[in-house]
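Participant: Single-letter residue listing:
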Amino acid sequence: MAEFGDSVLEDLSASDQHTSFSMSRATADADKRKMRRIIAEDPDWSLAIVPYLRIICLQHIIDNFEKNPILDELPPADKVKVLEKLSTKLPISVTANLISDEGYWRRCSVERWGRRDVSYYGNSWRRMFLECHLESAIELFIPNTTDPNVILDKVPFYKNYVKKISVSQLLPPVKSSENRQKEDTLLAVGDGASEELSVSHFDFGMLLDKMTELEELHLVYGVRGCRMNFEWSLFEFTEQDCQSLAKALKSCKHLKVFRLHQSKVNDENVQTLCSSFLEHPSLRELDFSHNIIGERGARAIGKLLNSSKLEVLSLYDNKIKGHGAQAIAYALSRNENLTTLNLRLNRIGDEGGQCVANALLKNSTLINLHLGSNELTEPTANFLSRVLMQNKTLKSINLSCNRLGLDGGKQLQEGMAHNSSLVEFDLRLTEVGQESEYFISQILQRNKETAHRTPL
Amino acid sequence: MSRSNSPLEDGVEENAPPSLESEIQEERIAARRLRIAARVQARKREIIFFQRLNKLQSDGTELVTNIQVAVDARESQRRTEEAEAKRQRTEKLENEAKTSLEKFEDIRKKWASAKAKEIPQDLRDALNMQQRHCAQLIEEKSKIINELQQELKVQDDKYVKDLKRQAEDVDLMIERMEEQIKNLMKCYREELTQIEKAFELERRELLHSNYKKWEQTMQHRREKEMEYLTMRMKQVEDQAQQLQQLRVQDAEEYNMIKIKLETDVQILEQQLQHMKATFQLNQEKLEYNFQVLKKRDEENTITKSQQKRRITRLQDVLNNLRIKLKKQEKQFKEESHTLSEDCKRIMKQYQDMQKKMMYFASIDAKRFHEMWIMNEEEIKGLVKKALDANLIIHEQQLGMTYVRPNLPFMKSTGPIIPQHTKKKLTEVLAKQFLTAGQKITGDEEGVEESVSAGAQGESHQSKEQGQLEASYPENPDNLLPQISPKTMKKLLEIMCDECDFLVESKLLKLFSTLEKHEQSLMKLDSIFMALGVENEADVYKLADFLIKYSEQQIAENKKEDEEDGQIDEGKSQSYVSISSVEAAEGSSSMIERSTTTDLIHPNDVLKALKVYTEHYCKPREKHPLPSFINYEERDDSEDAAFWEAMANVIPESTQRVWSALETELEKY
Numbered sequence: 001m002a003e004f005g006d007s008v009l010e011d012l013s014a015s016d017q018h019t020s021f022s023m024s025r026a027t028a029d030a031d032k033r034k035m036r037r038i039i040a041e042d043p044d045w046s047l048a049i050v051p052y053l054r055i056i057c058l059q060h061i062i063d064n065f066e067k068n069p070i071l072d073e074l075p076p077a078d079k080v081k082v083l084e085k086l087s088t089k090l091p092i093s094v095t096a097n098l099i100s101d102e103g104y105w106r107r108c109s110v111e112r113w114g115r116r117d118v119s120y121y122g123n124s125w126r127r128m129f130l131e132c133h134l135e136s137a138i139e140l141f142i143p144n145t146t147d148p149n150v151i152l153d154k155v156p157f158y159k160n161y162v163k164k165i166s167v168s169q170l171l172p173p174v175k176s177s178e179n180r181q182k183e184d185t186l187l188a189v190g191d192g193a194s195e196e197l198s199v200s201h202f203d204f205g206m207l208l209d210k211m212t213e214l215e216e217l218h219l220v221y222g223v224r225g226c227r228m229n230f231e232w233s234l235f236e237f238t239e240q241d242c243q244s245l246a247k248a249l250k251s252c253k254h255l256k257v258f259r260l261h262q263s264k265v266n267d268e269n270v271q272t273l274c275s276s277f278l279e280h281p282s283l284r285e286l287d288f289s290h291n292i293i294g295e296r297g298a299r300a301i302g303k304l305l306n307s308s309k310l311e312v313l314s315l316y317d318n319k320i321k322g323h324g325a326q327a328i329a330y331a332l333s334r335n336e337n338l339t340t341l342n343l344r345l346n347r348i349g350d351e352g353g354q355c356v357a358n359a360l361l362k363n364s365t366l367i368n369l370h371l372g373s374n375e376l377t378e379p380t381a382n383f384l385s386r387v388l389m390q391n392k393t394l395k396s397i398n399l400s401c402n403r404l405g406l407d408g409g410k411q412l413q414e415g416m417a418h419n420s421s422l423v424e425f426d427l428r429l430t431e432v433g434q435e436s437e438y439f440i441s442q443i444l445q446r447n448k449e450t451a452h453r454t455p456l
Numbered sequence: 001m002s003r004s005n006s007p008l009e010d011g012v013e014e015n016a017p018p019s020l021e022s023e024i025q026e027e028r029i030a031a032r033r034l035r036i037a038a039r040v041q042a043r044k045r046e047i048i049f050f051q052r053l054n055k056l057q058s059d060g061t062e063l064v065t066n067i068q069v070a071v072d073a074r075e076s077q078r079r080t081e082e083a084e085a086k087r088q089r090t091e092k093l094e095n096e097a098k099t100s101l102e103k104f105e106d107i108r109k110k111w112a113s114a115k116a117k118e119i120p121q122d123l124r125d126a127l128n129m130q131q132r133h134c135a136q137l138i139e140e141k142s143k144i145i146n147e148l149q150q151e152l153k154v155q156d157d158k159y160v161k162d163l164k165r166q167a168e169d170v171d172l173m174i175e176r177m178e179e180q181i182k183n184l185m186k187c188y189r190e191e192l193t194q195i196e197k198a199f200e201l202e203r204r205e206l207l208h209s210n211y212k213k214w215e216q217t218m219q220h221r222r223e224k225e226m227e228y229l230t231m232r233m234k235q236v237e238d239q240a241q242q243l244q245q246l247r248v249q250d251a252e253e254y255n256m257i258k259i260k261l262e263t264d265v266q267i268l269e270q271q272l273q274h275m276k277a278t279f280q281l282n283q284e285k286l287e288y289n290f291q292v293l294k295k296r297d298e299e300n301t302i303t304k305s306q307q308k309r310r311i312t313r314l315q316d317v318l319n320n321l322r323i324k325l326k327k328q329e330k331q332f333k334e335e336s337h338t339l340s341e342d343c344k345r346i347m348k349q350y351q352d353m354q355k356k357m358m359y360f361a362s363i364d365a366k367r368f369h370e371m372w373i374m375n376e377e378e379i380k381g382l383v384k385k386a387l388d389a390n391l392i393i394h395e396q397q398l399g400m401t402y403v404r405p406n407l408p409f410m411k412s413t414g415p416i417i418p419q420h421t422k423k424k425l426t427e428v429l430a431k432q433f434l435t436a437g438q439k440i441t442g443d444e445e446g447v448e449e450s451v452s453a454g455a456q457g458e459s460h461q462s463k464e465q466g467q468l469e470a471s472y473p474e475n476p477d478n479l480l481p482q483i484s485p486k487t488m489k490k491l492l493e494i495m496c497d498e499c500d501f502l503v504e505s506k507l508l509k510l511f512s513t514l515e516k517h518e519q520s521l522m523k524l525d526s527i528f529m530a531l532g533v534e535n536e537a538d539v540y541k542l543a544d545f546l547i548k549y550s551e552q553q554i555a556e557n558k559k560e561d562e563e564d565g566q567i568d569e570g571k572s573q574s575y576v577s578i579s580s581v582e583a584a585e586g587s588s589s590m591i592e593r594s595t596t597t598d599l600i601h602p603n604d605v606l607k608a609l610k611v612y613t614e615h616y617c618k619p620r621e622k623h624p625l626p627s628f629i630n631y632e633e634r635d636d637s638e639d640a641a642f643w644e645a646m647a648n649v650i651p652e653s654t655q656r657v658w659s660a661l662e663t664e665l666e667k668y
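These protein sequence lines map, in sequence, to chains A and B. Residue numbering for the first sequence follows the UniProt record's numbering, starting at 1 and increasing by one per position. Residue numbering for the second sequence follows the UniProt record's numbering, starting at 1 and increasing by one per position.
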């Protein structure tokens with residue numbers, strides 16, 4: 001047994017040898033029974049129970065992994081064993097770059113974040129773990145109280161693996177009880193605006209310029225689950241936040257997808273952000289859903305459309321009216337990149353709808369168009385029927401919740417008769433009449449079949 | 001799926017499906033058709049399945065999105081309503097504000113009128129009125145506030161309702177989603193079970209067919225094995241029989257051979273005996289021979305010792321003789337030394353003598369010349385006198401015109417020199433060379449000319465020669481045509497090469513610095529001198545002789561070979577000095593023999609020359625030392641005539657005239 005131990009020990013580093021020896025001796029002193037090879041009085045005893053020194057050594061490595069990480073030097077069989085038993089609580093600074101085994105990261109992720117769909121993270125458990133780790137760190141970051149180094153120190157370990165940051169809440173700085181009372185009084189008076197302007201959230205500028213691999217950024221400037229502690233100030237996207245975010249986004253050259261939801265983004269904010277995105281080399285998708293963007297914001301976005309490579313634009317649930325839609329339609333008529341445009345739940349009206357339809361006559365790249373709930377009526381349907389006749393690239397149009405009426409339905413039916421590319425056409429709650437709806441669905445079915453057949 | 005289905009269908013339609021590997025063409029075609037049909041069917045089924053799935057999916061999404069759309073619609077409606085309500089509210093508020101402002105203005109105006117009132121009762125009334133108005137205003141305002149608060153409450157209720165509704169919607173949506181998921185799962189599971197079933201079936205089919213195949217092959221193998229076994233048994237039997245047969249045959253053969261070999265052994269033994277006997281005999285013979293040889297050996301040793309002794313004796317004699325020889329050699333050497341010394345001395349004396357002789361000869365010649373001149377002058381005076389006398393006689397005494405006879409000798413002075421000097425031998429040679437050179441090569445021309453020029457420089461040397469040899473035929477041209485210049489040139493070259501020894505060694509040294517042609521020319525000159533060839537005719541004669549000799553040689557080729565030795569010996573006696581050189585040159589020229597022309601063999605040249613000298617050199621002996629008597633020898637044949645001419649200056653007729661005149665005069 002001792003000889004075998006020696007031979008194994010030779011393989012290990014000197015320090016480990018030393019510690020394991022002392023450890024074994026200590027245990028031996030503690031229990032003399034373990035020194036004996038045969039214990040006759042114990043019928044259950046067998047030699048197999050005594051673990052091999054090899055296993056003890058591996059256990060030791062596992063226990064001290066944080067201080068002395070040995071992994072790549074181990075033979076493959078031992079490596080597997082170590083990875084199986086390695087604690088999931090180890091700090092990222094040790095494991096992020098050293099361990100590439102997906103099994104370990106899977107254990108970590110499942111243990112810490114529960115079951116999630118790994119396919120959202122490029123089928124990499126390590127990426128998933130690190131991204132979740134970073135997201136939670138950002139979400140729990142409280143400005144002025146939390147030390148920013150908590151996140152920044154780990155950036156070198158995130159850097160190579162994190163491609164997407166999806167933040168669902170950003171905490172505002174905590175006000176002292178004194179402040180709070182004051183504010184309460186101020187709120188009671190109804191004049192808290194001056195105080196709120198100074199409030200700012202986590203500054204992405206210090207993080208984003210270091211994350212060279214980052215491709216997606218989803219942000220919500222708000223607090224999740226505030227319940228009875230609700231205050232308007234919790235859901236404020238301030239001027240300062242906007243400035244710092246715009247600066248950070250400019251430095252983040254690899255960003256492809258940017259989403260900013262439910263953050264009360266107003267026209268000024270959109271203008272600032274759009275100016276930072278002008279000539280961005282890689283941005284593909286922009287999403288400002290559930291905000292309060294109006295005419296001027298839409299104009300800024302329209303300007304951005306033609307000076308970047310945007311492919312997907314989502315302005316769902318904003319306050320864009322006819323003029324804003326005009327600006328976007330003007331950009332659309334000259335654009336050659338955009339494939340998806342979502343203007344659902346806006347108020348573009350017939351004026352905007354006609355502009356968009358006219359733009360579509362010139363455009364040949366847009367594939368998906370969503371104009372649901374936009375107060376469109378018959379005149380727009382008239383224009384759209386012309387679009388349906390001419391345009392060959394559009395595959396999906398959504399006009400739900402617009403009062404097009406029977407005449408509009410007939411016009412669309414006419415347009416559809418000459419179309420062979422459209423696959424989806426949502427006309428629910430548009431009062432177009434069953435006859436037109438049936439006819440259009442027939443044509444859609446036909447188009448679907450041809451589309452299904454051609455790739456085969 | 002299409003692949004997996006195809007064998008299944010095959011199996012369903014036929015028990016033994018036609019395989020693609022079968023050898024019958026029709027069967028293969030049928031198999032292909034079946035496969036294609038199966039594929040088409042599979043594709044159809046696939047399309048149907050996908051359609052069903054798509055429909056399920058689209059229906060499900062529609063169901064789910066219906067809620068969304070409904071909510072959207074409600075939201076948009078709410079928004080329009082809200083916008084409307086807001087508009088109404090603002091209008092109402094503005095109206096209210098306007099009316100209240102008017103009322104406020106009223107109240108303020110009334111304040112002024114109230115101030116003007118001085119009667120306290122009026123004032124109180126007015127104040128009351130104001131108060132009432134204010135209360136009214138406030139009431140209106142509070143009414144509006146109440147209204148608004150009520151609206152807010154309603155909105156709150158609405159909000160709560162909306163929240164509830166939304167929660168319901170969400171619940172519904174989740175329910176529908178779950179339902180859709182369930183449906184889809186069901187569908188997928190169905191499909192999966194179908195696929196699995198198909199797969200299972202196919203697998204079973206495959207297993208079955210494989211098992212069948214296996215059985216078949218196993219059966220086949222078993223049969224084959226049996227066949228092999230029987231065949232093997234048969235073979236074993238056959239081979240056993242063959243073995244038996246072979247064994248019998250071998251035994252017989254063995255016996256036969258054994259008998260044969262035994263007889264052979266007997267014969268061989270007999271032979272052995274015989275050989276032994278002969279061996280004995282031979283041994284005895286050899287022994288006897290050995291004895292004889294031993295004896296002879298002894299005798300030989302004796303004679304050997306004798307011979308040895310004799311050899312030593314002879315060795316002694318030889319040594320003695322050698323010593324003697326050495327002594328003799330020494331003696332002879334000394335003798336020869338003394339003799340050579342004498343010879344040198346004599347030679348010197350001889351040279352001195354020659355010098356003296358030359359000196360005297362020149363003096364004599366001078367004296368002779370002077371004498372001659374003196375006598376001549378004397379005679380000329382006499383002649384002149386005589387002639388003058390004759391003139392006087394003729395003109396004065398006879399009165400005749402006198403014509404002076406032409407006397408050429410009167411003009412000349414000094415001893416007479418013969419008119420014809422012979423053409424120089426070397427000049428002829430040069431000319432020949434020249435002509436030959438012109439024919440053969442143009443390049444050599446210049447050289448030849450220079451040679452001829454050089455040759456003329458020597459003319460003085462042979463001038464005297466020519467003088468002495470006037471008796472020889474002067475015109476050699478009659479001999480020329482016989483020999484072409486080319487052959488002549490070759491002959492001369494051969495002679496030049498072969499007869500170096502005739503040239504004095506000092507001259508040879510001198511010649512070595514000259515050019516080749518010049519050298520050969522000089523050499524020839526000296527050679528001809530040695531041979532006694534003095535003029536052109538002689539040269540041609542020599543050439544002619546040489547050619548003829550060579551022809552003779554060719555004719556007598558065989559004989560000569562035998563005689564050669566003798567002739568050579570004879571030569572060596574007569575030409576002691578030459579023979580050594582000839583021997584030396586003979587070897588070197590032997591090699592050249594084959595290469596030189598057939599005109600005459602270089603080796604034969606010497607022999608020919610020897611014969612030539614024997615034949616023609618006698619006349620030369622008249623002038624044993626031609627060079628030495630150059631000065632003395634003069635042609636005095638004309639002298640007498642000269643003097644006679646002097647004497648006969650007055651012809652006999654005049655003399656007779658004179659005598660007649662004398663007599664007449666005396667008479668007179």
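Don't read these hints as lab results, they were simulated from the structure. Some hints could be false.
Derived lysine-lysine pairs resembling DSBU-like cross-links, with alpha carbons at most 35 Å apart [stated by the list, open to error]:
1) B:K86 to A:K303
2) A:K319 to B:K92
3) B:K186 to A:K321
4) B:K182 to A:K264
5) A:K319 to B:K224
6) A:K395 to B:K304
7) A:K321 to B:K86
8) B:K186 to A:K448
9) B:K182 to A:K164
10) B:K117 to A:K448
11) B:K44 to A:K448
12) A:K448 to B:K164
13) A:K395 to B:K55
14) B:K486 to A:K321
15) B:K164 to A:K321
16) B:K186 to A:K264
17) A:K319 to B:K158
18) B:K44 to A:K392
19) A:K256 to A:K154
Participant: Check whether the Cα positions of A:K256 and A:K154 lie no farther apart than 35 Å.
Facilitator: Answer holds: A:K256 to A:K154 is near 23 Å, not above 35 Å.
Participant: B:K486 and A:K321: Cα distance at most 35 Å?
Facilitator: violated (136 Å)
Participant: Below or equal to 35 Å on CA atoms is what counts here, so check A:K319 against B:K158.
Facilitator: Holds: A:K319 and B:K158 sit about 22 Å apart, inside 35 Å.
Participant: Does the structure keep B:K44 and A:K392 at a Cα separation of 35 Å or less?
Facilitator: holds (29 Å)
Participant: Within 35 Å, alpha carbon to alpha carbon, are B:K182 and A:K164?
Facilitator: holds (32 Å)
Participant: Verify the proposed pairing of B:K44 with A:K448, using a straight-line Cα cut of 35 Å.
Facilitator: At roughly 17 Å apart (the allowed maximum being 35 Å), A:K448 and B:K44 satisfy the hint.
Participant: Is the hinted pair B:K164 and A:K321 satisfied, with a Cα-Cα distance of at most 35 Å?
Facilitator: Between B:K164 and A:K321 the Cα gap is close to 30 Å, so the pair holds against 35 Å.
Participant: Does the alpha-carbon distance linking B:K182 and A:K264 stay inside the 35 Å limit?
Facilitator: violated (38 Å)
Participant: Can the restraint linking B:K186 and A:K448 be considered satisfied, given a maximum Cα separation of 35 Å?
Facilitator: Roughly 24 Å separates the two Cα atoms, so the pair holds.
Participant: Under the criterion that the straight-line Cα-Cα distance not exceed 35 Å, is the pair A:K448, B:K164 satisfied?
Facilitator: Roughly 39 Å separates the two Cα atoms, so the pair is violated.
Participant: CA of A:K319 to CA of B:K92, is that 35 Å or under?
Facilitator: Distance ~25 Å between A:K319 and B:K92 Cα, so the pair holds.
Participant: Hinted pair, alpha-carbon criterion (35 Å max): A:K395, B:K304. Please report holds or violated.
Facilitator: violated (141 Å)
The earlier numbered hints that this structure contradicts are 3, 4, 5, 6, 10, 12, 14, 16.
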